[in-house]
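All chains, full assembly: derive it from the sequences and hints.
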Amino acid sequence: MLATLAKRGPGLGAAVATAAGGVAVATQMPESLHISGIPCSLVLGAVANNLAPANIRQALQPGVKFATTTVLRAGIVAVGAKLSATQVLALGWTTVPAACASVGAGLVAIPLLAKGAGLPPRLGALLAAGTSICGVTAIGATAPAIAATQAEVAVAVANVVAYGIAGMLAYPHVARHLFPHEDSKNIGLFLGLAVHDTAQVMGCAASYAQTYMDEAVVAAAAVAKLTRNCFLAGVVPLMAARHGATAGIATKAAFPTFVLGFVGAAGVRTAGDVYFVGDDATRWKEGANFVGGALGTKCLLATGLAGVGLSVDASAFRSAGVRPFLVGGAGAAIVGGVGLASAQLLSRLRPE
0 MLATLAKRGP
10 GLGAAVATAA
20 GGVAVATQMP
30 ESLHISGIPC
40 SLVLGAVANN
50 LAPANIRQAL
60 QPGVKFATTT
70 VLRAGIVAVG
80 AKLSATQVLA
90 LGWTTVPAAC
100 ASVGAGLVAI
110 PLLAKGAGLP
120 PRLGALLAAG
130 TSICGVTAIG
140 ATAPAIAATQ
150 AEVAVAVANV
160 VAYGIAGMLA
170 YPHVARHLFP
180 HEDSKNIGLF
190 LGLAVHDTAQ
200 VMGCAASYAQ
210 TYMDEAVVAA
220 AAVAKLTRNC
230 FLAGVVPLMA
240 ARHGATAGIA
250 TKAAFPTFVL
260 GFVGAAGVRT
270 AGDVYFVGDD
280 ATRWKEGANF
290 VGGALGTKCL
300 LATGLAGVGL
310 SVDASAFRSA
320 GVRPFLVGGA
330 GAAIVGGVGL
340 ASAQLLSRLR
350 PE
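Everything in the sequence shown is counted per numbering that gives the first Met the number 0, starting at 0 for the first residue and increasing by one.
What the hints contain is simulated information worked out from the structure, not anything from laboratory work.
Be careful, since some hints might not be right.
[Said to hold, decoys possible] Derived pair list, reagent style DSS-like, types lysine-lysine, alpha-carbon separation capped at 25 Å:
hint, residue 1, residue 2
1, Lys297, Lys64
2, Lys64, Lys6
3, Lys284, Lys297
None of the values given here were measured: they were computed from a predicted structure.
Here it is in structure tokens:
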């Protein structure tokens with residue numbers, strides 16, 4: 000036990016420190032960009048890894064590997080505590096088919112675009128998951144299931160962060176011009192389906208609310224994004240089955256058991272939301288949100304993806320070129336376009 004801790008301690012400590020540094024960097028970024036500490040920690044880790052001497056990198060490897068596997072997967076399980084079916088139902092059942100259309104379009108189109116551009120299939124899978132479902136979290140969940148390289152993870156993360164920020168800045172103004180001003184639910188639905196990462200969705204909706212004085216959009220966008228996030232439970236096993244053989248993984252071994260933990264955490268959250276009432280319900284939701292947010296996202300996921308950064312070789316990253324970003328841009332346009340079309344259709348079917 001002590002020998003294992005001694006072996007993993009330096010690398011795990013480096014990942015924790017890098018995650019903390021990423022949070023510190025994120026706090027210095029303009030608030031309007033709503034950039035979380037997770038992508039910052041990954042970039043910081045990649046920079047540190049490529050500046051460190053070879054003997055230091057070798058000493059850190061056992062702990063860094065632990066961060067990119069066990070810690071990252073624990074983070075995915077914890078994130079499930081933020082997901083509640085009762086919130087989805089509160090917005091209306093039509094949110095589900097709208098999310099199916101948007102997510103499905105990305106999962107089908109992006110791997111085809113990646114193949115046409117000559118990208119590795121695993122990178123196409125990461126771009127599809129990140130763009131279609133929930134940005135960095137989806138990439139972090141999919142990567143170990145398909146044996147993606149750390150360079151592929153880094154490229155995919157950079158992609159969804161860049162296009163997520165672009166959508167976050169542009170879509171509030173698009174929504175204002177294309178939807179009836181009083182249609183808060185479908186404006187929020189569009190924003191929740193079109194922007195990649197959860198933090199970016201919330202920033203996008205908050206920007207709309209502040210600019211156009213419509214706080215109801217924030218709740219609708221959050222629930223729409225929550226609905227998208229639920230697809231993670233089905234898509235990761237699908238990607239594992241599709242890419243496991245080509246990655247040299249047996250299908251049974253490739254099935255990510257941590258996804259069961261993710262589903263279980265979401266089930267416990269849903270059951271608690273139904274069972275508890277009054278002050279107990281408030282305390283329950285605060286506790287569940289702490290597990291999913293502060294513990295799962297800010298601590299475990301940030302540490303795991305800092306470890307990914309500490310594993311990245313810059314030469315492999317440079318070799319990717321511009322093609323992943325062209326595919327990612329096209330994929331973002333497809334997912335956002337289907338989200339827009341779905342929300343506009345629902346706006347006409349159920350005007351507010």
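Structure-based check of all given hints:
1. In summary, the hint linking Lys297 to Lys64 is supported, as the alpha carbons are separated by about 19 Å, within the 25 Å threshold.
2. Between Lys64 and Lys6 the alpha-carbon distance is near 11 Å, which keeps this suggested pair within the 25 Å criterion.
3. Restraint check for Lys284 and Lys297: satisfied, since their Cα atoms lie roughly 17 Å apart, inside the 25 Å limit.
The structure is consistent with each of the numbered hints, conforming to all of them.
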